[in-house]
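K.L.:
Each chain, letter by letter, is given below.
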Amino acid sequence: MMSYLTQIRWSPYAVGAGIGILSWFTFIFLKKPIGCSTAFARASGMIGKLFSRKTINGKQYFKEYPPVIDWEIMFVIGIVIGAFISAYISGDFNIITVPRLWAREFGDSFIFRIIISIIGGIFLGFGARLAGGCTSGHGISGAMQMAVSSWVSAIFFFIGGGVTAYLMFSL
Amino acid sequence: MNNKKILILSLVFGIIFGFLLQKGGATKYDVIVAQLLFNDNTVVKIMLTAVITGMTGIYILKEFKLVSLYPKQGSFGINAVGGLIFGVGFAVLGYCPGTIAGAIGNGYIDAAIGGTAGILAGSYLYALLYPKAFIKLNNFGNYGNKTLPELLRVNDWVMIFFTVCIVFSIFMILEAHGY
Numbered sequence: 001m002m003s004y005l006t007q008i009r010w011s012p013y014a015v016g017a018g019i020g021i022l023s024w025f026t027f028i029f030l031k032k033p034i035g036c037s038t039a040f041a042r043a044s045g046m047i048g049k050l051f052s053r054k055t056i057n058g059k060q061y062f063k064e065y066p067p068v069i070d071w072e073i074m075f076v077i078g079i080v081i082g083a084f085i086s087a088y089i090s091g092d093f094n095i096i097t098v099p100r101l102w103a104r105e106f107g108d109s110f111i112f113r114i115i116i117s118i119i120g121g122i123f124l125g126f127g128a129r130l131a132g133g134c135t136s137g138h139g140i141s142g143a144m145q146m147a148v149s150s151w152v153s154a155i156f157f158f159i160g161g162g163v164t165a166y167l168m169f170s171l
Numbered sequence: 001m002n003n004k005k006i007l008i009l010s011l012v013f014g015i016i017f018g019f020l021l022q023k024g025g026a027t028k029y030d031v032i033v034a035q036l037l038f039n040d041n042t043v044v045k046i047m048l049t050a051v052i053t054g055m056t057g058i059y060i061l062k063e064f065k066l067v068s069l070y071p072k073q074g075s076f077g078i079n080a081v082g083g084l085i086f087g088v089g090f091a092v093l094g095y096c097p098g099t100i101a102g103a104i105g106n107g108y109i110d111a112a113i114g115g116t117a118g119i120l121a122g123s124y125l126y127a128l129l130y131p132k133a134f135i136k137l138n139n140f141g142n143y144g145n146k147t148l149p150e151l152l153r154v155n156d157w158v159m160i161f162f163t164v165c166i167v168f169s170i171f172m173i174l175e176a177h178g179y
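Chains Y and C are the protein sequences, given in the same order. Going by this note's numbering, the first sequence opens with residue 1, and the numbers climb by one from there. Going by this note's numbering, the second sequence opens with residue 1, and the numbers climb by one from there.
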């Protein structure tokens, strides 16, 4: 058993089945499908509140999704911890400032990588809110419920991502 | 369950999710970008296996009235445009909102600093513009919270069987060609 836990990689099919089964339990006990991106929206409101409480309280979005610690924020914090545990016990934890594949194409400047990460993150955060979910909320949880909105979104995630990655790395 | 129990349980489920993502390699920049380039289909294999496993289970649980489903509202306008914008960010950043949390746990500093700040900013920008800016787009091809079997007027289990068969075929093709 321990040797499984300290393996660096599991079969993607085993990991996928595990995530699918985990979903049964989130539906039963939390009455929620797994999702991640709304946590960032709530957190952005919590940070905004530090600067201007009035602006945040006046926004329709934050009336519908109040900027408070909810189950999803706890879930996302859990992901950080779980990934750390898995990486640490298998000796796969590494501090990486500039990912290898990125460095090969765009050089190893940390500042440049951070600036592009911020820009990519803005598109990601905005797009997730406009589409109403992310790779987990639409791509996994919504798709398993067979929601039309989720299948359309997931297909466009990979069209947008595929074309952009091709332009960045294959040209 | 009271609120405190829900929060603790959510943390535990998150830990399991993060653990699984890391074991699958999905917390790594190189693995995610290789997926978007379709050089390595690890992420798609994880997602599709999760979808068919989860789907079969939750629809059985639903038959026994043990769970309710929560399909999201949407329209072709917001899902396609939002999906494309998300996809651009997915490739430029190299992580998505769930895997970025895992990448932070795996030691990626670009995820912890740049990516997280960007996602927070992008979400905030949306919240500032919501709902006025998106009304027209939301009305374009609106299908509400319909599911595929509802849209196509077929039985849930016909659709599940069909989906599982397609996913298995995709896996067999990928494995046969060494992807």
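Don't read these hints as lab results, they were simulated from the structure. Just so it is clear, CB atoms sit at the ideal spot from N, CA and C, and this is done for glycine as well. It cannot be assumed that every hint is accurate.
In silico lysine-lysine, PhoX-like type, Cα no more than 20 Å apart, as pairs [what the hints assert, rightly or not]: (1) Y:Lys32 x C:Lys132; (2) C:Lys65 x Y:Lys31; (3) Y:Lys32 x C:Lys4; (4) Y:Lys49 x Y:Lys63; (5) C:Lys132 x Y:Lys59; (6) Y:Lys59 x C:Lys62; (7) Y:Lys59 x Y:Lys49; (8) C:Lys136 x Y:Lys32; (9) C:Lys132 x Y:Lys31.
Computed Cβ-Cβ distance ranges for the label pairs, DEER-style [unchecked claim]: (10) Y:Ala14 x C:Gly178: 38 to 44 Å; (11) C:Val12 x Y:Ala103: 19 to 25 Å; (12) C:Leu152 x Y:Arg100: 18 to 24 Å; (13) C:Tyr70 x Y:Thr97: 22 to 28 Å; (14) Y:Asp108 x C:Glu63: 30 to 36 Å.
Interface residues of chain Y toward chain C, partial, derived using beta-carbon atoms under 10 Å [said to hold, decoys possible]: (15) Leu50; (16) Asn57; (17) Gly107; (18) Ile116; (19) Phe123.
K.L.:
Let me know if the C-beta of glycine 107 of chain Y comes in closer than 10 Å to any C-beta of chain C, holds or violated.
P.N.:
At 13 Å from the nearest chain C Cβ, glycine 107 of chain Y fails the 10 Å test, so the hint is violated.
K.L.:
Decide if the proposed pair is consistent with the structure: lysine 49 of chain Y and lysine 63 of chain Y, CA atoms, cutoff 20 Å inclusive.
P.N.:
With a Cα-Cα distance of about 13 Å, the restraint between lysine 49 of chain Y and lysine 63 of chain Y holds, given a limit of 20 Å.
K.L.:
Is it true that the C-beta distance of tyrosine 70 of chain C to threonine 97 of chain Y lies inside 22 to 28 Å, as the hint says?
P.N.:
39 Å, violated
K.L.:
Range first: 30 to 36 Å. Now tell me if the beta carbons of aspartate 108 of chain Y and glutamate 63 of chain C are that far apart.
P.N.:
For glutamate 63 of chain C against aspartate 108 of chain Y, whose Cβ atoms are near 54 Å apart, the range 30 to 36 Å is violated.
K.L.:
Holds or violated: 18 to 24 Å for the Cβ distance of leucine 152 of chain C and arginine 100 of chain Y?
P.N.:
44 Å, violated
K.L.:
CA of lysine 32 of chain Y to CA of lysine 4 of chain C, is that 20 Å or under?
P.N.:
With Cα atoms ~16 Å apart, lysine 32 of chain Y and lysine 4 of chain C stay inside 20 Å; holds.
K.L.:
Between valine 12 of chain C and alanine 103 of chain Y, does the beta-carbon spacing fit 19 to 25 Å?
P.N.:
36 Å, violated
K.L.:
Is the Cα-Cα distance between lysine 132 of chain C and lysine 31 of chain Y 20 Å or less?
P.N.:
Not OK: lysine 132 of chain C and lysine 31 of chain Y at ~30 Å, beyond 20 Å, violated.
K.L.:
Hint asparagine 57 of chain Y vs chain C: min CB-CB distance below 10 Å?
P.N.:
Asparagine 57 of chain Y check fails; min Cβ-Cβ to chain C is 12 Å, beyond 10 Å.
K.L.:
Is the Cα-Cα distance between lysine 59 of chain Y and lysine 49 of chain Y 20 Å or less?
P.N.:
11 Å, holds
K.L.:
Would the hint on leucine 50 of chain Y be counted as holding, given a Cβ-Cβ threshold of 10 Å to chain C?
P.N.:
12 Å, violated
K.L.:
Can phenylalanine 123 of chain Y be said to touch chain C, with a Cβ gap under 10 Å?
P.N.:
3 Å, holds
The structure fails to meet hints 1, 6, 8, 9, 10, 11, 12, 13, 14, 15, 16 and 17 from the earlier list, while all remaining hints are met.
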